[in-house]
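*Asks:* Here is what each chain is made of, one letter per residue.
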Amino acid sequence: MKPVFSLQNIQLGRGNNFNLWIERLEVRDGVLYSLTGPNGAGKSTLLWLLAMLRRPESGAIYFGDTLVHGTRSELKKLRQQITLVEQAPYLFDDTVARNIAFGLRLRGIQGEERNNRISQALEDVGLGGFEKRKARELSGGEVRRVALARALALRPKVLLLDEPTANIDEASLQIVEALLTSLPQQGMTIIFSTHDLDQPERLGAEVIRMRDGKLEAATYPASPRQHVATAEKITWPRPLKISESSYLWL
Amino acid sequence: MPISVKNITIQALCCCLLVLAAVPALAIEHLRLATTTSTENSGLLDVLLPPFEEANNCRVDVLSVGTGKALKLGESGDVDVVLVHARSKEEKFVADGYGVDRRNIMYNDFVILGPIADPAGIAGSKKIAAALSRIAEKQEIFISRGDNSGTHIREMQLWQDIGVIPVGDWYLEVGRGMGEVITMANERGGYTLSDRGTYLAYQAKTDLVVVVEEIPGQFNSYGAIRVNPDRHPHLKVELAKRFLDYLVSSSARKLTTGFRVNGQQLFYIDE
Amino acid sequence: MDYLLTSLSAAIGLITQLNQEVLSTVGISLYTSLTAILLASVLGVPAGIALGLKQFTGRRLVLTLLNTLMSLPSVVIGLLLFGMLSRQGPLGGWELLYTPLAMIIGQTVLATPIVANYTLSVINGADNRIMSTAMTLGAGSLQSGWQLLKETRFGIMAAVIAGFGRVIGEVGVAMMLGGNIRGFTRTMTTAIALETSKGEFAFGLALGIVLMTIVLLINLFLNLLQHR
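Residue numbers (our numbering), protein chains in the order written: chain X, 80 to 329; chain S, 5 to 275; chain C, -2 to 225.
Some clues are possibly wrong.
As the list claims (entries may be wrong) - Below, a sample of chain S positions facing chain C; criterion: calculated Cβ distance under 10 Å:
(1) Gly72
(2) Gly150
(3) Arg180
Claimed, not checked - Under the rule of at most 30 Å between Cα atoms (straight-line distance), these lysine-lysine pairs were calculated in the BS3-like manner:
(4) Lys93(S) - Lys245(S)
(5) Lys213(X) - Lys147(C)
(6) Lys147(C) - Lys293(X)
(7) Lys236(X) - Lys156(X)
(8) Lys156(X) - Lys147(C)
(9) Lys96(S) - Lys131(S)
(10) Lys213(X) - Lys236(X)
(11) Lys96(S) - Lys209(S)
(12) Lys155(X) - Lys147(C)
(13) Lys130(S) - Lys240(S)
(14) Lys155(X) - Lys81(X)
(15) Lys240(S) - Lys131(S)
(16) Lys155(X) - Lys236(X)
(17) Lys155(X) - Lys51(C)
(18) Lys240(S) - Lys209(S)
(19) Lys211(X) - Lys147(C)
(20) Lys93(S) - Lys240(S)
(21) Lys51(C) - Lys147(C)
(22) Lys147(C) - Lys236(X)
(23) Lys209(S) - Lys245(S)
(24) Lys293(X) - Lys81(X)
Rather than coming from a laboratory, the hints here were simulated on the basis of the structure.
Here the structure is a predicted model, which is why all the values come from computation and not from measurement.
For every residue, glycine included, the Cβ atom is placed at its ideal position computed from N, Cα and C.
Isolated chain X, as found in the complex (with noise of 0.2 Å):
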């Protein structure tokens, strides 16, 4: 099967302190992955990187058989493939409906089809008829919710995860667990991250271990391809100061 993602020697950190130092990685086409490892071992970390919001300050990343090079044009366009879902999720102050139309009028999704989205999302994560609600009035729960519906609407080809099950009432762990096994089986790959070690095997996935900013040993055969050889120099592009301590690959 072919890889979505290929990492190699990807370091993110200065001097000797990386936050990740991956020395290879594949991420195969629709397979749902579990990450996991203790807090500050790089899961969210990774997951942004895989986000392409945060960049690497050195190695190479390829999204199918092609090369990031990090220009505006080609990030805006790998993320409308990809999305992030994290664990404490921002919707912007308005409508439910509105905020999953957001991803959907960047894709040129309008009308009838745009409106067929919003509802089975909602429907999905069993929040149908919430389109007109305002999303400052919706419950911690509800919000992570909408956030995977607006993450859905857009039926990315990879979807990323930050603990989407951690603090999460009964109900909602079934609609999570239930759409994290049946998404893969539609062609989507889902890398999630968590901290319930039962849960990959309960789910079927493939779990990626992580230490240190490492990952262990992984439980899935390495699968050695060409350009692994070759990997190729890039000069990443300057990053976008967010706050103090975080960069936003722009």
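Could you slot chains S and C onto chain X? The hints should help.
*Replies:* What follows is chains S and C alone, placed relative to chain X:
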């Protein structure tokens, strides 16, 4: 009893402030003089006042405003003496009981200033009034003081005499002193009515020239009036009297007629 | 006391009877200030956002410059622009001095650093998930920036209003570049400053009341936005 404590504090503060305010006042007597921008701008007061101040061990505080405002300051008793130039207003000021003891001090004359190019073609005109009606006719830019000053009052009188109501894009009423108006007229390339004194004081800083002058001149005579002490008992009557006496004394007259700007005499005295 | 009371009643009379001169002066003030704040927003808001998000060499210098400009007295800005626009100045040929446009330029220069600076602090204080959320949903940098603007709209409005409060109430630029020409460049502040010296106290007072009301409304509105 927080209230009484507060009261005492306030009283103490007030006392302190009063003492502070009184100290410099005790040291030297101050005479407050309201005068027009033309006298102040010309620089005449700088030579006229020091001998008086020295002889009487006092200070003359000069408020230089338009004639209208100067008279208002007199009405409200904010100054001891006014030195202004608008005969009709001065006489009304005395007649209304606001002022006493009016004396003629000096005069200079009015001229029309304008750009050398003279777009209205009024250069060489013998009458200021005629030149003004030509400016109005050709709608050339004219900057008016518009501040109820003596010059402004004279200007309004002239418009009235020639039966022109100055309105339109060309007529700019700016409500400012003579010097600022000369600067603005220069920038806009327009005309204005000015007393000769202020113009001479500004001559080096402006490209404007005297386009029209009359012989004998459109007189601009200055009068000094004491503010009526019956209305405002706090006024410095003695010092004010001495100041008026000084202004008409022969030594002050010599200083006034001897005053030169760029070699030109500015002020004349009716003997 | 009597003087104040009669002037006050005369001033209120001028306002309630919609005195032509008062209306025209208020109109000129609003026209120049609103145009200036519009221009200042177009320049200052994007500048503030860019400064808040981008790292570039010389950023610190720009920030210092911005802070200096923000606290610069309006007469100094008036002075510099007077030099530019005067007949002898480099832009003298445009013949802008003593026109409303000159005032608008001056007030724009005055308000832009304020708008930019307030915008910058709004952006610094904004939820840092806004940009990343927009981007992961497929927005480009401009679209994400626009979304950031929408999410922080109340803060940005406060920035714009703060700039407006500054220009509507300033005298220096209006006086030096406008020249207080009646019916043309005479604003509320220049009229108050100069008409009073003509003895037209009631007129100045009427404008003062209008100006105070405007500033009060602005601040009430600002307060409302900040407590949202």
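*Asks:* Take the hints in turn and mark each one as holding or not.
*Replies:* Each hint tested on the structure:
The interface hint given for Gly72(S) is met, as the beta carbon of that residue sits about 5 Å from the closest beta carbon of chain C, less than 10 Å. With a cut of 10 Å, the hint placing Gly150(S) at the interface with chain C holds, because the nearest CB-to-CB distance is about 6 Å. Annotation: interface hint on Arg180(S) holds; nearest CB of chain C at approximately 6 Å, less than 10 Å. Restraint check for Lys93(S) and Lys245(S): satisfied, since their Cα atoms lie roughly 21 Å apart, inside the 30 Å limit.
This hinted pair checks out: Lys213(X) and Lys147(C) have alpha carbons roughly 16 Å apart, not beyond 30 Å. Distance check on the hinted pair: Lys147(C) and Lys293(X) sit about 39 Å apart at the alpha-carbon level, beyond 30 Å; violated. As the CA atoms of Lys236(X) and Lys156(X) are separated by approximately 12 Å, the hinted pair is consistent with the 30 Å bound. Restraint check: the Cα-Cα separation between Lys156(X) and Lys147(C) comes to about 23 Å, which is no more than 30 Å; the hinted pair holds.
A C-alpha spacing of about 28 Å is found between Lys96(S) and Lys131(S), which places the hinted pair at or below 30 Å, so the restraint holds. Pair hint Lys213(X) plus Lys236(X) holds up; C-alpha atoms about 29 Å apart against a cutoff of 30 Å. Taking the CA atoms of Lys96(S) and Lys209(S), the gap is near 37 Å; set against the 30 Å cutoff, the hint is violated. At most 30 Å may separate the alpha-carbon atoms for a hinted pair to count; Lys155(X) and Lys147(C) meet this at roughly 20 Å.
Proposed proximity of Lys130(S) and Lys240(S) is contradicted: the alpha carbons are some 46 Å apart, above 30 Å. A hinted pair counts as satisfied when its Cα atoms are at most 30 Å apart, and Lys155(X) with Lys81(X) qualifies at roughly 23 Å. About 44 Å separates the Cα atoms of Lys240(S) and Lys131(S), which puts this hinted pair outside 30 Å; it is violated. For the hint linking Lys155(X) to Lys236(X), the alpha-carbon distance of about 14 Å falls within 30 Å, and the restraint holds.
This hinted pair checks out: Lys155(X) and Lys51(C) have alpha carbons roughly 18 Å apart, not beyond 30 Å. For the suggested pair Lys240(S) and Lys209(S), the alpha carbons sit about 39 Å apart, so the restraint of at most 30 Å is broken. With a C-alpha separation of about 19 Å, the suggested pairing of Lys211(X) with Lys147(C) holds against the 30 Å cut-off. Restraint check for Lys93(S) and Lys240(S): the C-alpha separation of about 23 Å stays at or below 30 Å, so the hint holds.
Simply put, Lys51(C) and Lys147(C) have alpha-carbon atoms about 19 Å apart, close enough for the 30 Å limit, and the pair holds. Restraint check for Lys147(C) and Lys236(X): the C-alpha separation of about 28 Å stays at or below 30 Å, so the hint holds. As the CA atoms of Lys209(S) and Lys245(S) are separated by approximately 38 Å, the hinted pair breaks the 30 Å bound. With a C-alpha separation of about 23 Å, the suggested pairing of Lys293(X) with Lys81(X) holds against the 30 Å cut-off.
Violated hints for the displayed structure, listed by number in ascending order: 6, 11, 13, 15, 18, 23.
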